[in-house]
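*Asks:* The task is simple: from the sequences and hints, build the whole structure.
Protein chains: 2
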Amino acid sequence: MKCTPDIDLRDVEEMNINIDPIQAAGRLTADAMKAVIAYGDGYSVCDNCRKPFRLDYIEKPPIATFHDDLAAFVGMDEARVVPGARRGFQAVAGTYVQKGDPVILTALSHYTEFIAVENAGGIPHEIPKDTNNIIRADAAAERIEEVTRASGRPPVLLFIDHVDYQFGNLHEVQEIARVAHGYDIPVLLNGAYTVGTMPVDGKALGVDFVVGSGHKSMAAPAPSGVLATTAERAEEVFRTTQIKGDLTGRTFGIKEVEMMGCTLMGVTLMGMMASFPHVRARVGRWDEELANARIVLDALRSIEGTVVKSEMPRRHTLTRVDTSASFDRIAETHKKRGFFLSSALNKKGIVGVIPGATKVWKFNTYGISRAQAEYVAAAYIEIAEENGLPVVSP
Amino acid sequence: MKCTPDIDLRDVEEMNINIDPIQAAGRLTADAMKAVIAYGDGYSVCDNCRKPFRLDYIEKPPIATFHDDLAAFVGMDEARVVPGARRGFQAVAGTYVQKGDPVILTALSHYTEFIAVENAGGIPHEIPKDTNNIIRADAAAERIEEVTRASGRPPVLLFIDHVDYQFGNLHEVQEIARVAHGYDIPVLLNGAYTVGTMPVDGKALGVDFVVGSGHKSMAAPAPSGVLATTAERAEEVFRTTQIKGDLTGRTFGIKEVEMMGCTLMGVTLMGMMASFPHVRARVGRWDEELANARIVLDALRSIEGTVVKSEMPRRHTLTRVDTSASFDRIAETHKKRGFFLSSALNKKGIVGVIPGATKVWKFNTYGISRAQAEYVAAAYIEIAEENGLPVVSP
Chain A
1 MKCTPDIDLR DVEEMNINID PIQAAGRLTA DAMKAVIAYG DGYSVCDNCR KPFRLDYIEK
61 PPIATFHDDL AAFVGMDEAR VVPGARRGFQ AVAGTYVQKG DPVILTALSH YTEFIAVENA
121 GGIPHEIPKD TNNIIRADAA AERIEEVTRA SGRPPVLLFI DHVDYQFGNL HEVQEIARVA
181 HGYDIPVLLN GAYTVGTMPV DGKALGVDFV VGSGHKSMAA PAPSGVLATT AERAEEVFRT
241 TQIKGDLTGR TFGIKEVEMM GCTLMGVTLM GMMASFPHVR ARVGRWDEEL ANARIVLDAL
301 RSIEGTVVKS EMPRRHTLTR VDTSASFDRI AETHKKRGFF LSSALNKKGI VGVIPGATKV
361 WKFNTYGISR AQAEYVAAAY IEIAEENGLP VVSP
Chain B
1001 MKCTPDIDLR DVEEMNINID PIQAAGRLTA DAMKAVIAYG DGYSVCDNCR KPFRLDYIEK
1061 PPIATFHDDL AAFVGMDEAR VVPGARRGFQ AVAGTYVQKG DPVILTALSH YTEFIAVENA
1121 GGIPHEIPKD TNNIIRADAA AERIEEVTRA SGRPPVLLFI DHVDYQFGNL HEVQEIARVA
1181 HGYDIPVLLN GAYTVGTMPV DGKALGVDFV VGSGHKSMAA PAPSGVLATT AERAEEVFRT
1241 TQIKGDLTGR TFGIKEVEMM GCTLMGVTLM GMMASFPHVR ARVGRWDEEL ANARIVLDAL
1301 RSIEGTVVKS EMPRRHTLTR VDTSASFDRI AETHKKRGFF LSSALNKKGI VGVIPGATKV
1361 WKFNTYGISR AQAEYVAAAY IEIAEENGLP VVSP
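If you're matching them up, the sequences are chains A and B in order. In this text, residue positions in the first sequence follow our numbering: the first is 1, and each later residue adds one. In this text, residue positions in the second sequence follow our numbering: the first is 1001, and each later residue adds one.
Hints in this document: simulated from the structure, not taken from any laboratory. Idealized CB from N, CA, C, for every residue including glycine. Treat the hints with care, since some could be wrong.
As the list claims (entries may be wrong) - Straight-line Cα separation of at most 20 Å, EDC-like style, residue types lysine to aspartate or glutamate; simulated pairs:
id: 1; chain 1: B; residue 1: Lys1203; chain 2: B; residue 2: Glu1175
id: 2; chain 1: A; residue 1: Lys347; chain 2: B; residue 2: Asp1047
id: 3; chain 1: A; residue 1: Lys60; chain 2: B; residue 2: Glu1014
To be verified - Taking beta-carbon pairs under 7 Å as the criterion, some of the chain B residues facing chain A (in silico):
id: 4; residue: Ile1007
id: 5; residue: Ala1038
id: 6; residue: Ala1371
Stated by the list, open to error - Per the computed footprint, the stretches of chain A lying under chain B, defined by three or more beta-carbons under 8 Å from a beta-carbon of chain B, are:
id: 7; stretch: 29-41
id: 8; stretch: 175-182
id: 9; stretch: 245-252
id: 10; stretch: 271-278
id: 11; stretch: 281-293
id: 12; stretch: 330-338
*Replies:* Structure follows, in C-alpha cells:
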C-alpha cells in the first residue's frame, strides 16, 4: 500500500527491530499516534487561541500546563517547545554570541551546535576529550583559561553534550558547569540523547539551559524539541519583541524574538504532549534499557576481535563498536563485501545499521523489549558463527 | 473520545465549516493524513539517508524530487523546506541583515517579518499603504529614497507580502521588486497566504525569495514551509557550513548554515509532500475559490450597515469586514453581548470567527465547497433577520 503513487507507506518500525542510533527513542507512543491523527491539520492547536495570543498560553488543548510540566521534567524554571534541539541551540547562541565572540564546545559536540555558533558569528574552541573519550572538567578549565588569554576575554557560552552522538558517553557536566560559572559563562546542556530517555535534572547539574529533542528522544514527531532554562536566563533567551513599525506604530505583543513568535502549532506539539506521560514514566525504567543494551553488547563482545569504543560499563543505550578485527575480516572476502552484515541483519528483521559498515559503527537499543534484545544478540552471534568468526563466552 | 485523558480528539474540521483566517488552507488532504499516520515517528524520513547526509538529497521517500518540484511550483531555481514561513524570513534576514542595517517592510507586514528583522538587529522602515490598503510601488520608491538618505546607504532587504494578513489584499509586488532592484535591494515575497492557494510565479514577479507556509496554505502539518530562491541568491542564503573544530579539525560537510542542517525530518515534510500533487492542482481552481468567497461576502454586504474593508472586487478568499453598523448594533443590547454572533454561527456548525467579535473581523472561505458557501451565506442572513437587521438584496 502507498500514501500516494510516489510515497510508500513506512512500516519499518512495525515490521522490524530498528536499532538506528538516532531513531530509537523517537518512535511514537500509541497515544502520540492518536494525537497525530487528530491534530494533523496545519494550525490545529489554534482553535482556542485567545489573548495574549501565544502558543504557550493556550489552555485547550492543555499546552500551558504542558509547558510547566516540561520545565519541571528537566528540573528548570521555564520551558518552550522548539522545532528541534538545533533551534534551541540557535536561540541561545542568538542571545549570547556576537560576531567574533569566543565560544566553548567540545571535541564531541554535535554539528548542530557548531552551526548555531557559526550562524551567530562566534569562534569555536573545543575542549579536548580524554583517552577514554570523556570530556572532563580539568580539560574544560584549561581550555577556558587558554581561550580567555588568547581572546582577551572569557568565552560567552559553553556547550556540553550530556551524552554525545559519537560514543554515547556521559561527561563531567556538573563539574564543567561549576568551572564555567567561575568565569560567568552560561552553560547549555545538549540533552538530545538524554531528555526523554534517562533522568535529567538541569538544576542539579547546575546548567543554565537544557535542550532536548522531541523526535530524537521524546517519542514525538519531527521537528520538535524543548529549550528550558532558569528564571534568570529566561528573561534573556525568551525576551519579548521590542520592534515597532516606524509609520504605523505597530508593536507585537508578547511574542518572543528567539522563538520567532509561536513555534509548533500543530501535530508536532500534540504528539509530544500525548507521549509525555509515557516519556515521564519511561525515564524511571532507564535501568531496564541499559540491561537490554548490555545483552546485545555482551553478544557483540563475545565475537572475537570486536572492540567497544564507548565507555564501559555502558551508561547509555547508544554504543559505538569497532568490528575491524571481526566482521570486517569477513567483508574482505565475502561476495557482498561490507554489505553482508547489514544484509544478514535485515534478513533477520533487524534494521538501522548503516549498510556496508563493518568497521566502526553505532547502534541504539533504546525502546526494544528484553526478548527483542535477546533476539538481536542471538542474531549477531549467528551471523558471526555462520561466517566462521570465533565466538567466546565473555 | 480522547487522545489521552487530558487531550480531546480534535474534530473541528470534520464536524463544522471552519472559516478561520489562518486555518482554512492548512487542512490536510486525505493523502497527507495517510502520510502523517505512516511517518509519525520522529526521524521517519531518515531510513535511507546516505551520503552526503542532507534532507534534500534523500531519494526514498522522494524528497529530492519534491525539492525540485517545489522550486518549479513557485517559479524559482532552488527550494528548501523550513519549519514555517517565519523560519524562511529568519534565514534570509540572517543572511543579509547586520546589526543597524535599514530594512524595508510595509504597513501590512506580518509580525514574523518584523521579528526576523529584530532577530538580525535590523532597523525596520515601513512602506505606507494607500487609502485602499494597498502597498504601491510609488510609495515604495519614495520610502527607499527617504531611508537611503536618512541612513546614508540603501536598505539591505525588502519584505513584501503577496497577500497581507489584515485585508487579504494583493499588492504591487512586481513593480515594487523592480523599484527595489534599482537600488540592488533583494526582495522577499511573503507568500504565506498565496503559495498553495493561488498561482505564484516568483520569477515573473521578479522577486529574489519566495516564502510559503505549509500549515497555512499547503495542506500540511505544522510547522512547515518553503523558502525558494534564484540560483544566484541560493549561494548566499543556502551557503554551506565553513566552521571547523579547532582541535579536532572536524568539518560538517554540506549542511547549510541558515537551515541549521536538516529541517523537517518527518511527519511535517511527508504531509507536505503527500498534499503537494493536490495543492499543485488546486491553485488552478482559484477562480472557484473566489466565487465561493463572493457568495459569502455578497450575503454579508446585503446586511445593511456592513462594510467590506478589503479591496473590491476580492482577489483573495481572506476578507476583512466591519459590522460595527450591523451586527455590533445587536451586540449592544443582546443578552449574550458580542458573543451572540459567534454563538449563533457555532450553533449552525460554522466556526473560526473570533468569539465576541462583532465590529471588525476576518474570515477565510478557502477550501469550502459551493454548497457550504451557500450555507454560510444563508446562515449570516438568517442571523441578521432573526435579530431584526435589515437585509437588502445587493
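*Asks:* Take the hints in turn and mark each one as holding or not.
*Replies:* Structure-based check of all given hints:
no.: 1; hint: B:Lys1203 / B:Glu1175; in the structure: 13 Å, holds
no.: 2; hint: A:Lys347 / B:Asp1047; in the structure: 16 Å, holds
no.: 3; hint: A:Lys60 / B:Glu1014; in the structure: 18 Å, holds
no.: 4; hint: Ile1007; in the structure: 5 Å, holds
no.: 5; hint: Ala1038; in the structure: 5 Å, holds
no.: 6; hint: Ala1371; in the structure: 21 Å, violated
no.: 7; hint: 29-41; in the structure: holds (count 11)
no.: 8; hint: 175-182; in the structure: violated (count 0)
no.: 9; hint: 245-252; in the structure: holds (count 6)
no.: 10; hint: 271-278; in the structure: holds (count 4)
no.: 11; hint: 281-293; in the structure: violated (count 0)
no.: 12; hint: 330-338; in the structure: violated (count 0)
Checked against the numbered hints given earlier, the structure breaks hints 6, 8, 11 and 12 and satisfies all the rest.
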